[in-house]
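Model the placement of chain B on the given structure of chain A, informed by the hints.
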Amino acid sequence: MARLRLPLAELVVAMVVTIVSGFCLWDLRRVPPPLFDPLGAAALPRATCWLVIALVLGMLAQSAFASTRSGDDAPKDAGVGRTGDNHRAFFLLAGGTLAYVLVLTFGRLDFAIATSLYVFVTITPLQRPTALRLLGIASVAISLGFGCDYLFTQFFYVDLP
Amino acid sequence: MLDVLGGFATLASPVPFFYVALGTFLGITVGAIPGLSGSMLITLALPITYFMNPLHAVVMMIGIYTGTVSGGLISATLLRIPGTPAAVMTTFDGYPMAMRGEARRALGLGIGASFVGGSIAWVALAALAMPIAAIAARFSSFDYFAMTVMALVLISSVSQGSMLKGLLSALLGVLFAMPGVDPSSGQPRLTFGWTELNSGFDILPVLIGLFALSQMLTDSLGLGRTTQVLQISGSSILITFAEWRRQAGNLIRSSLIGTWIGILPGIGANIGSMVAYGVARNVSRTPERFGTGSEEGVVASESANNATVSGALVPLVSMGIPGSVIDALLISALMIHSIQPGPLLFTQNPELVWAMIAAAMVSNVLMLFMMLGLAGPLSRLIGLPKPWLMPCIVVFSVIGAFAVNNRVFDVWVMLAFGALGFLLERARVPLGPFVIGFILAPLAEGKLRAGLMTTAGDWTPIFTRPLSAGLMVVSLVLLVWPGVMAWRRRSAERNSGEGRR
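Chains A and B supply the protein sequences, listed in that same order. Under the numbering used here, think of the first position of the first sequence as 3, with each following residue one higher. Under the numbering used here, think of the first position of the second sequence as 1323, with each following residue one higher.
The shape of chain A in the complex, shown without the other chains:
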C-alpha cells in the first residue's frame, strides 16, 4: 500500500484554520440569541466556521487520496520550503520585519532611524559587500527612512510611530 504523505504547507494551513475557527466558535457562544432578527448575529459566522472546518478536512482528504493513488513518497510541494528556496533571505526579511515592527510598537527608536536601520540591515546581507555597494545601500536606507518620515508627517499629516 502506498505511503500516506500530506504536504506540510497544507497541514500547517489546516491546523491554523481549524484553531482560528475553533476560537471563533467558542467566542460566538457569548452572542445572545436574536430578538427581532430571524437569523441573528451568530448564525452566519457559526455556519462559516463549520464549513471552513469541513473544507479543510476535505482538502486534507483530497491530498491524502492523491498521494496514495500516485504512490509517490514525496508529495508535490512537500513542505513550506521547496528545493532551491533561499531560506536565508526569507528568514532575514521575515525576522527583520518583525523586529522593525516591534521597535515601532514599543517606541524604542524614532521612525526615521528605525526604518533606515531596517532597510540597511535587510539589504546588506543579500548583496556582495563592496565599499561602493555599502555606500549605495546606506544612501537608499537613509533617504527612504528620513524621506518617508518627512513626506508623511509634513505633507500627509500621518502621525508616524
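The reader is advised that the hints may include incorrect statements.
[As the list claims (entries may be wrong)] Only part of the chain A face toward chain B is listed, based on derived beta-carbon distances under 8 Å:
id, residue
1, T50
2, T107
3, L128
Hints were generated in silico from the structure; no laboratory data involved. Where is the CB? At the ideal position from N, CA and C, for every residue including glycine.
What follows is chain B alone, placed relative to chain A:
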C-alpha cells in the same frame, strides 16, 4: 451619449488627466517588473488616496489597473516570466518570438492587441453599465444574496488549484469579515474583548498584508535564481495595417471573450486570456504553432486580458459587485471615500461614475502611447535587483497600514494577514477568492438578514423568485460540475484500462 461626453469633459481638466496618466505609467512600470503586481500597487496606493479627491483617487486606480494588465507583456516577452498573472499566456508565444529575434514585433502585436481589446470592451462598458444598474436597482435582497453566492462560487471554481481550496479561501475571507459590532443588533461578535476589533478588520491592512507582504515573503525565497533577460531586437514595433487585417477575426473574437469573462463577477484578466488563447488555438489553421511563437497566441492573450479591465468595471459600477480581485480593491477605494458602490451610484454620483467609465478609455489610449514609447527603457527596469526593492516595499506597507487609523494594531493585522497569505500560497490556496469573500461578506449577510426579516424567517423566496433561484441553480451547477467531470474522467480511464486488458 451626453453622459459619456460629460465623463470625458471631467477628465479634460489638467489634474484628473494627470492622475490617470500617472496611474497608467505606474501601472505599466510595476506590471513590467516580475514579482510586483497590480494588486500590490493598488493596495499600497490606497492609503495615499485618503488625501485625494475621490474622483482623482478612482481614476488613478483605473489607470493603474489598465497599466498593470498591459505592462506584464514586457517581462512575459523578454524574460518568459509574466509581469502580472494576466500575461501568463503571452509567455508561451511572446518569449519564443523574442528568442528568434522578433521581440519588437511581439511587443508591437501585444500592445496593439491590448489597445483594441480595451477599446471594444469599453464600448460594452459605456453601453451596458447604466441599463444593468437600472435593472439591478430592482433586485430584491434575496437576489443580491444569490448574486454574491454565485460570485464566490464562480471565482472559487475558476481559481488555480482545486475548487475545494478556492471555496476554502472564499469562506476564510467571509469569516475574517465577520468580526466587529453587528450592524443590526449592535452586539460585538468575534472581537475577543479587543476594542480595536469593534469596527472589524480594516480592509487596507488586510489587503496590504495579503498582496504586498506575502508577495515579498514569497519572492525572498526565490532570491538568487538567475534569469536571462533578452534584449529588444527586431525591425519595428509598429505593425502594418495589412498585418492587423489578417488578425482582425482573432482580435475581435478574443476581445469579446475577454469582455464577457470580465463582466462575470469575480473572474479576472488571467482567466479571460486563458479562455481566449484556448479558443484561438482551437479555431486556428495552424494550431501546432501555438506555444512556439505564434502571433495569433500573443494577439489573443493580450486583447482578451485588456478587454477584461473594462468588462470587469460593468458589474462594479452597475451593481457594486467586483468583476475581479482588482475591482474588489477599487471598491475599497470607493468605500474609503464614503462612496457606497451599487446600482444607486449612477443616481447619487453620476459625475464620478461617468468619469470612471471615461478614465477606462483615456487610460487605454495613454497605455498605447506609453507602451510604444517606453518598452525599451522599461525593459531595463525588469532587471532591478530584488533585494533592494523588497525592504522598501515592506516600509511602504507598514506606513500604509499605520496611516489607516494611526495605530500600530493595524500594522500587526497586516503582519498577521501577510503570514496567512504566505501560508495559503504555499499550500496552493488562491488569494483571489479570499478578497472577494472579504469584500462581499457584509453585503451578502446584510441582504440575507434584511430579506429574512421581511419574510419573517421564510427562506423559500430564495428558491422561488426567478432570478435568485436561477442564480442559486447556476451556483449549484458550478459547485457540482468539476466533481462530475472528474468522476467521468476516472470512469473513462478505468474502462479504457479494462478494455486494453
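Hint check against the structure, violated hint numbers in rising order: Every hint satisfied by this model.
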